[in-house]
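Given chain E, put chain X in place with the hints provided.
There are 2 protein chains.
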Amino acid sequence: MRLRPSLLACALLLAPALAGAEPPPYRGMQEILDAAPAGDWRELDPERTLYLELEAGRVVIELAPGFAPEHVANIRTLAAGGFWDGAHVYRVQDNFVVQFGDAHADDPARARPLGSARTKLPAEFERDAAGLDFDALPDADGWAPEVGFADGFPAARDPAAGKAWLAHCYGMVGAARDMAPDTSTGGELYVVIGQAPRQLDRNITLVGRVVQGMELLSSLPRGPEPMGFLEDPARWVPIRAVRLAASVPEAGRERLQLLRTGTATFRELVESRRNRRDGFYVRPAGHIDLCNVPLPVRRAPD
Amino acid sequence: MRLRPSLLACALLLAPALAGAEPPPYRGMQEILDAAPAGDWRELDPERTLYLELEAGRVVIELAPGFAPEHVANIRTLAAGGFWDGAHVYRVQDNFVVQFGDAHADDPARARPLGSARTKLPAEFERDAAGLDFDALPDADGWAPEVGFADGFPAARDPAAGKAWLAHCYGMVGAARDMAPDTSTGGELYVVIGQAPRQLDRNITLVGRVVQGMELLSSLPRGPEPMGFLEDPARWVPIRAVRLAASVPEAGRERLQLLRTGTATFRELVESRRNRRDGFYVRPAGHIDLCNVPLPVRRAPD
Numbered sequence: 001m002r003l004r005p006s007l008l009a010c011a012l013l014l015a016p017a018l019a020g021a022e023p024p025p026y027r028g029m030q031e032i033l034d035a036a037p038a039g040d041w042r043e044l045d046p047e048r049t050l051y052l053e054l055e056a057g058r059v060v061i062e063l064a065p066g067f068a069p070e071h072v073a074n075i076r077t078l079a080a081g082g083f084w085d086g087a088h089v090y091r092v093q094d095n096f097v098v099q100f101g102d103a104h105a106d107d108p109a110r111a112r113p114l115g116s117a118r119t120k121l122p123a124e125f126e127r128d129a130a131g132l133d134f135d136a137l138p139d140a141d142g143w144a145p146e147v148g149f150a151d152g153f154p155a156a157r158d159p160a161a162g163k164a165w166l167a168h169c170y171g172m173v174g175a176a177r178d179m180a181p182d183t184s185t186g187g188e189l190y191v192v193i194g195q196a197p198r199q200l201d202r203n204i205t206l207v208g209r210v211v212q213g214m215e216l217l218s219s220l221p222r223g224p225e226p227m228g229f230l231e232d233p234a235r236w237v238p239i240r241a242v243r244l245a246a247s248v249p250e251a252g253r254e255r256l257q258l259l260r261t262g263t264a265t266f267r268e269l270v271e272s273r274r275n276r277r278d279g280f281y282v283r284p285a286g287h288i289d290l291c292n293v294p295l296p297v298r299r300a301p302d
Numbered sequence: 001m002r003l004r005p006s007l008l009a010c011a012l013l014l015a016p017a018l019a020g021a022e023p024p025p026y027r028g029m030q031e032i033l034d035a036a037p038a039g040d041w042r043e044l045d046p047e048r049t050l051y052l053e054l055e056a057g058r059v060v061i062e063l064a065p066g067f068a069p070e071h072v073a074n075i076r077t078l079a080a081g082g083f084w085d086g087a088h089v090y091r092v093q094d095n096f097v098v099q100f101g102d103a104h105a106d107d108p109a110r111a112r113p114l115g116s117a118r119t120k121l122p123a124e125f126e127r128d129a130a131g132l133d134f135d136a137l138p139d140a141d142g143w144a145p146e147v148g149f150a151d152g153f154p155a156a157r158d159p160a161a162g163k164a165w166l167a168h169c170y171g172m173v174g175a176a177r178d179m180a181p182d183t184s185t186g187g188e189l190y191v192v193i194g195q196a197p198r199q200l201d202r203n204i205t206l207v208g209r210v211v212q213g214m215e216l217l218s219s220l221p222r223g224p225e226p227m228g229f230l231e232d233p234a235r236w237v238p239i240r241a242v243r244l245a246a247s248v249p250e251a252g253r254e255r256l257q258l259l260r261t262g263t264a265t266f267r268e269l270v271e272s273r274r275n276r277r278d279g280f281y282v283r284p285a286g287h288i289d290l291c292n293v294p295l296p297v298r299r300a301p302d
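These protein sequences, in sequence, are chains E and X. Everything in the first sequence is counted per the UniProt record's numbering, starting at 1 for the first residue and increasing by one. Everything in the second sequence is counted per the UniProt record's numbering, starting at 1 for the first residue and increasing by one.
If we strip away everything but chain E, and leave its shape as in the complex, we get (with noise of 0.2 Å):
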């Protein structure tokens, strides 16, 4: 919250020397990511790799087939069908979401047609926890019994009743459904742009997280209230495309690569982040919430 980061810079560089002492062996987090061993980090999978291409930019999203494996088939024929192609942005409500797909989905005279895709999926809304590796977070919260990361995303489990889900955490992706509970297809996407919804959890199927492109979706002007969706086709954003990576010329594709969650490496991450120790934080907070748990991406080194 410093004015400035030079001003950050120079405090860091000073604190030991002026706290007279040995410093304790606190890094901050791009010290802990330079100091990874490579093997910490894991290549972005293409074919999990889902590429939404706006006229400002593109935003990546790795998907999730290990909780929602239906849904995630199913985007991938959509996106292989051009389904996206042409679609809009047409919702996007302040400190609540980003919503895409078609926005006629409700008018069955003029939506889109499916194509090969399925029409109607199951709830994916949980899965079994057995068989999922979970690196629990030791911090309490309030929405589940315990929480933590699987397959990279924030996630929860309650172990008594055997049971693991993704969690709503900003720049989560998830399929828009209607009242009932099997009505999402795949074709209507949202992303988290504000507080943690985590009243969502196990009430919507959940399908991945932008892992980069993020501030396109976020800066968007935001439609009225109180659901934010733009009634004006005017103020639609235009989706170029929605494509999976591997669909995409090697050469076109992101390098990307993600910071593995079960490391010592994140371990000491998220605990730099409970207790902030970098002289600017009189009182580290002893704490840190699923949905403030940085999961790092970087460009894949050459």
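It is worth saying that the hints were derived from the structure and are not from the lab. Among these hints, one or two may not hold up.
As the list claims (entries may be wrong) - What follows is a list of derived Cβ distance ranges for each label pair: (1) A136/X <-> N275/E: 45 to 51 Å; (2) D85/E <-> P122/X: 54 to 60 Å; (3) P122/X <-> A35/E: 37 to 43 Å; (4) P284/X <-> M227/E: 16 to 22 Å.
On a predicted model such as this, the values are computed, not experimentally measured, just so you know. C-beta: ideal position from N, C-alpha, C; glycine also.
Structure of chain X alone, referenced to chain E:
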């Protein structure tokens, strides 16, 4: 998250008939607010209301003298002296904050004079809980022993220590500082535009909350990573002025009312969001986070 509000309206109308039984006395937010007695609303006090005038429109901020009396007094002095006339928004960090004031604040040769405002203020990170009307939420919070609302703001309290403080929820306004806790003047202000950075609670002085026009800040183009500072002056967002509402002729003021948090109306609203029973949610959360509680604002009835 439904595709269209019209579908929701239909479902709400049909739900009791379909259920075949006496519907539970559940009401959604708008219904609760529409039924609220006039006395449940309070007028925004022009003496503690700030107008941030951008080219795109007006952002209305309610100040919190009950928590940050010295900062609020200084902000009033700065506004009266025209400190922000021609100043800028010079930082927009995605999922964190928008920051505005004097883009040259840390360059003594170019910094704007503070006029008759004080150049040194005490840190106002917390206050005595004694004498504070605090409406506690029953919901657990990971960051503080107790959370709730005080003076209409999201707040936290430590009963053992006898202290209370404001919480960094979406829309809260704080006074940027350097490394030393007592280096904020109120001239450089930030507004939370992302997931609540509660780790900043009690580490920085919060001075108020945006009650109208939040979308003018939250939709600004993001600055470069990692901290969102707009190094290119061409990208700064001009500020026409920041004025205390009381200094604006009455015809030019916003006539806004805020729902009182100590009322039965507010308690019903919170419960209606903690456990949503509108037919869409298959699993009411049974919990609400402090920063997910809406703090309703409306135009004053004529």
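Against the structure, the hints come out as follows:
1. Separated by about 26 Å at the C-beta atoms, A136/X and N275/E break the suggested range of 45 to 51 Å.
2. At about 59 Å, the beta-carbon gap between D85/E and P122/X stays in the expected band of 54 to 60 Å.
3. Checked against the given bound of 37 to 43 Å, the beta carbons of P122/X and A35/E, roughly 39 Å apart, stay inside it.
4. Restraint check, P284/X to M227/E: a C-beta distance of roughly 20 Å satisfies the suggested window 16 to 22 Å.
Taken one by one, the earlier hints fail for this structure only at number 1.
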